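Residue 13 is where the sequence shown starts when you use this note's numbering, and the numbers rise one by one after that.
Hint data in this document are derived by calculation from the structure and do not stem from the laboratory.
No experiment lies behind these values; they were computed from the predicted model shown.
From the three backbone atoms N, C-alpha and C, an ideal C-beta is built for every residue, glycine too.
Please note that a few of the clues may not be correct.
[Stated by the list, open to error] Mimicking PhoX-like on lysine-lysine, the simulated pairs with C-alpha atoms at most 20 Å apart in a straight line are:
# : residue 1 : residue 2
1 : Lys53     : Lys148
2 : Lys213    : Lys253
3 : Lys136    : Lys53
[What the hints assert, rightly or not] Simulated restraints, written as ranges between beta carbons of each label pair:
# : residue 1 : residue 2 : range
4 : Gly107    : Ser55     : 16 to 24 Å
5 : Pro67     : Ala18     : 32 to 40 Å
6 : Arg453    : Ser211    : 48 to 56 Å
7 : Ser211    : Pro431    : 52 to 60 Å
8 : Asn80     : Ser303    : 43 to 51 Å
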Amino acid sequence: MKEFEALLRESLPDYAADALLDVLGDGSSSAEVSIRLNPLKVSEPDFGFDMRPVPWCGGAFFLSGRPNFTLDPSFHAGAYYVQDSSSMFPALLAGLIRESDAVLDLCASPGGKSTHLISIFKDKQPLVVCNEAVGKRVPPLTDNIAKWGANNVIVTNASAAALGRAEGFFDLILADVPCSGEGMFRKSTDAVEGWSPASVKDCAALQRSIISDVWPALREGGLLIYSTCTYNHLENQDNVKYIAEHLGAEYVPIEGTDIVPGLVKLLWGYQFVPGLVPGEGQFFAVLRKNSASGSRRLSARKARFVSAGGDGLVLDKAKNQIYALGHSLDFANWISEANPSCVKTLGCRVGEIKAGKIIPDADLALSTALIGAESARFSVNSTGDGKVSALEFSCAKIDRETALRFLARENITPQPSWPRGYILLRYHSLGLGFVNNLGNRCNSLHPLMRRILKVR
13 MKEFEALLRE SLPDYAADAL LDVLGDGSSS AEVSIRLNPL KVSEPDFGFD
63 MRPVPWCGGA FFLSGRPNFT LDPSFHAGAY YVQDSSSMFP ALLAGLIRES
113 DAVLDLCASP GGKSTHLISI FKDKQPLVVC NEAVGKRVPP LTDNIAKWGA
163 NNVIVTNASA AALGRAEGFF DLILADVPCS GEGMFRKSTD AVEGWSPASV
213 KDCAALQRSI ISDVWPALRE GGLLIYSTCT YNHLENQDNV KYIAEHLGAE
263 YVPIEGTDIV PGLVKLLWGY QFVPGLVPGE GQFFAVLRKN SASGSRRLSA
313 RKARFVSAGG DGLVLDKAKN QIYALGHSLD FANWISEANP SCVKTLGCRV
363 GEIKAGKIIP DADLALSTAL IGAESARFSV NSTGDGKVSA LEFSCAKIDR
413 ETALRFLARE NITPQPSWPR GYILLRYHSL GLGFVNNLGN RCNSLHPLMR
463 RILKVR
């Protein structure tokens, strides 16, 4: 690929281009496997992996090999996220972004950077909007957000232009924009075969369009984190310069990047390059908006989402769905009015009201709000006539074998000590899912789409 090499040498210092080309020429090389702990659920790793810390990201570790994560119930319970170490760059920005009150992850699926942002903000707990414009990419995002267990999150399926109408609403926007995928070359033959100079130019134009569309939603003085998994200057440095000069922003140098051995500092950003770093290719830059923006206030004429009781319970009147959201409903109602189908989840799904009862949602089992609880009760007045819909359940600890059978939707035999009704199954201290104990058998509430296909 002579055209790729020529563009690479235009974009990176020679030593970095040489290192990458050497790696790409060695078909046996691959990035080191790495995971990032969920600080909302665990403080110390106890998964039986041989690992060492990722220097630039607290709570993240390189593994000596690649375990079968499918057979680890802790993975399904949201104890950690499997993520390439280069994608953990938001840890370098924690001190810069931590004071944000409203955060948007614009191109969020499958959720790696979204869960990282939630972790960075775990003490402040701002509203975090995780958006994915491509409909088929939304389910893995909602699944991974659910596993993380936070209730300060809204998942949406909206265009950048639709979000851009929330003028001045966000203090921070992370835009990991669609790109030509050069950073995926050594793990994806499709990325290599789909590359061309024309595709690079098309991606660069699309990226400018996306950022221009969402730009009004960033408040004046707010921060944009721009990132791609590619190397060329057209999609990276040229676009950062374009944002600064044409949209109105200043480039923000990042302190402390020396903690990442091999990170390439460019005039308009920072580049992870395989051969110099343990992970895959990733570019990022930070800009501060200095152009005018609108007000943070958002309002809707009709409220689809309404408060339904204490503990942040919310009723979706359109679907009889109960959520738990630890934030104002203004944004959810505002964007839902313009596009009723774009809100995919609010905080944590609690359950659906059927025949006056609340059927627990699988996501509720994963919520951090239930950590340590032996039982729980939720009740809402959904009709306004004084009638209350309720949900009660108990908790039971299960071993690894039972956990894997549950995840595979195999039959679970109830223990004599289990009361009848809904049971939250826990693996170690982590909520895994619900069953309905009928006495002689249990009905599983584990979603079919999350079922694992083997248990050994």
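Hints and how they fare:
no.: 1; hint: Lys53 <-> Lys148; in the structure: violated, 29 Å
no.: 2; hint: Lys213 <-> Lys253; in the structure: holds, 16 Å
no.: 3; hint: Lys136 <-> Lys53; in the structure: holds, 16 Å
no.: 4; hint: Gly107 <-> Ser55: 16 to 24 Å; in the structure: holds, 21 Å
no.: 5; hint: Pro67 <-> Ala18: 32 to 40 Å; in the structure: holds, 33 Å
no.: 6; hint: Arg453 <-> Ser211: 48 to 56 Å; in the structure: holds, 54 Å
no.: 7; hint: Ser211 <-> Pro431: 52 to 60 Å; in the structure: holds, 59 Å
no.: 8; hint: Asn80 <-> Ser303: 43 to 51 Å; in the structure: holds, 50 Å
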